[in-house]
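Protein sequences appear in the order of chains S and Z.
Note that the numbering used here numbers the first sequence so that position 62 is 62, with each residue one more than the last.
Counting the second sequence from 1 gives a position; the numbering used here is that position plus 1000.
Calculated from the structure, these hints are not laboratory results.
Note that the Cβ used here is the ideal one computed from N, Cα and C, for glycine as well.
A couple of the hints might just be wrong.
To be verified - Think about it this way: if two alpha-carbon atoms lie no more than 30 Å apart in a straight line, the pair counts; the simulated DSSO-like pairs of lysine-lysine are:
{"hint": "1", "chain 1": "S", "residue 1": "K133", "chain 2": "Z", "residue 2": "K1121"}
{"hint": "2", "chain 1": "Z", "residue 1": "K1012", "chain 2": "S", "residue 2": "K130"}
{"hint": "3", "chain 1": "S", "residue 1": "K176", "chain 2": "Z", "residue 2": "K1012"}
{"hint": "4", "chain 1": "S", "residue 1": "K130", "chain 2": "Z", "residue 2": "K1151"}
{"hint": "5", "chain 1": "Z", "residue 1": "K1151", "chain 2": "S", "residue 2": "K174"}
{"hint": "6", "chain 1": "Z", "residue 1": "K1151", "chain 2": "S", "residue 2": "K11"}
{"hint": "7", "chain 1": "Z", "residue 1": "K1151", "chain 2": "S", "residue 2": "K68"}
Unchecked claim - Computed footprint of chain S on chain Z; a stretch qualifies when at least three of its residues, placed anywhere within it, have a C-beta under 8 Å from a C-beta of chain S:
{"hint": "8", "region": "1003-1011"}
{"hint": "9", "region": "1057-1065"}
{"hint": "10", "region": "1158-1169"}
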Amino acid sequence: MYGKLFVSFWKIGTFTIGGGYVMIPIMEQEIVDRRGWLSREEFMDYLSLSQAMPGIFAVNMATCIGRKLGGIWGVVCAIAGNVLMPIALILMLAMFFRYFRDNVIVERVFMGLRPAVVALIAAPVFRMAKSAKISWSNFWIPLVAALLIWLFGVSPVWVIVAAMAGGLVWGRVKVKG
Amino acid sequence: MILLELFWTFLKIGIFTFGGGYAMVALIQNEVVVNHGWMSQQEFTDILAVSQMTPGPIGINTATYTGYTAVVNSGLPVWEGVVGSLLASLAVILLPVVAMLLVYGYLSHHRDNPVIDAMLKVLRITVVGLIAAAAMLLLTEESFGHPGLNKQFIVSVLIFVGVFYFSLRRRTNPIVLIVASGIVGLVVFSV
Chain S
1 MYGKLFVSFW KIGTFTIGGG YVMIPIMEQE IVDRRGWLSR EEFMDYLSLS QAMPGIFAVN
61 MATCIGRKLG GIWGVVCAIA GNVLMPIALI LMLAMFFRYF RDNVIVERVF MGLRPAVVAL
121 IAAPVFRMAK SAKISWSNFW IPLVAALLIW LFGVSPVWVI VAAMAGGLVW GRVKVKG
Chain Z
1001 MILLELFWTF LKIGIFTFGG GYAMVALIQN EVVVNHGWMS QQEFTDILAV SQMTPGPIGI
1061 NTATYTGYTA VVNSGLPVWE GVVGSLLASL AVILLPVVAM LLVYGYLSHH RDNPVIDAML
1121 KVLRITVVGL IAAAAMLLLT EESFGHPGLN KQFIVSVLIF VGVFYFSLRR RTNPIVLIVA
1181 SGIVGLVVFS V
């Protein structure tokens, strides 16, 4: 079981490029359809829990699935499988990229890449605005958050803490009222 | 001691990341570029490009890469950079995994708790602002060139608009967009 967990998550981690959410369909196929480890409903439950909890989505998924199938060692195997290849690859690139940084060709490629990367960070802002159900009544929340961080240099950590506190108070008021 | 500081910093980043990889990128940027000055905004942008092109979660890739770069930039040898990257990756997943294991048993209870639901709703909304700020902070002269009628700036703006459109409207795979932008950069800046 530990070996299978490791191999499954190794596959999921190694063959998904472009972030955690790209992993969802591949994970579903591997865990639900191929291995039959979870029912589709359980998978959806774990999915929503992993999204709600802090941290890296794919690692959170690996944690619940590993825990269900093999306890603590299952967790270790699933996470190790998931992050092993990405970490090894990135480390190799990090070590070698320093020597190519000043190469003219590499520099030109990166002159094209940099604006693209910024656009790839900006696009999810609008995508997430839709899925988080931002409306005219709560629009001020992300706006104030962005201004605090961008203009006033407030740490995002404090913004998150404030949002949690605000959310809890709002939830309490809603429940009582 | 930079390794300890790195570990502590990424512990913090891990537990305060709500809402996916880009939220984590925003936190990492704030810590490693703004707070600690371990690297420049441009270096961070380059790391992001590589982190999105290689397999694995963006959060893990960015943590590994920035962990390595922060240590090596401070003048320490490569092997300490490797230790730094492993420490950063471990730290970033440690607390969320513990938190996950703690709530695992209460899975059914917490899902229908209206107060927790309200908190998560506010968090999801707030994170959008967090990522917006990260994008604003990345709009630098180093990445786009000096604003004005010069080749680098005009090409950069065109690439930005194009990638933004294809990513948002057409849901084009980020790898395709990154590779295409790299090719555009190579061709346009070579002639």
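| Within 8 Å of chain S (C-beta), three or more residues of the region 1158-1169 of chain Z | Result for this restraint: holds, n = 8.
| message | When I compare C-beta atoms, does the region 1057-1065 of chain Z have three or more residues closer than 8 Å to chain S? | response | holds (count 7)
| request: Between the region 1003-1011 of chain Z and chain S, see if three or more residues pass the 8 Å beta-carbon test, and mark the coverage as holds or violated. | output: violated (count 0)
| message | Does K130 of chain S sit within 30 Å of K1012 of chain Z, going by the straight-line distance between their CA atoms? | response | holds (28 Å)
| query | Within 30 Å, alpha carbon to alpha carbon, are K1151 of chain Z and K11 of chain S? | reply | violated (43 Å)
| query | Are the Cα positions of K130 of chain S and K1151 of chain Z separated by 30 Å at most? | reply | violated (35 Å)
| query | Are the Cα atoms of K133 of chain S and K1121 of chain Z separated by 30 Å or less? | reply | Holds, at roughly 9 Å.
| request: Starting from K176 of chain S, check that the Cα of K1012 of chain Z is at most 30 Å away, please. | output: violated (33 Å)
| request: Verify the proposed pairing of K1151 of chain Z with K174 of chain S, using a straight-line Cα cut of 30 Å. | output: violated (55 Å)
| field | Restraint status (C-alpha distance of K1151 of chain Z to K68 of chain S at most 30 Å) | value | violated (56 Å)
Checked against the numbered hints listed earlier, the structure breaks hints 3, 4, 5, 6, 7, 8; every other hint is satisfied.
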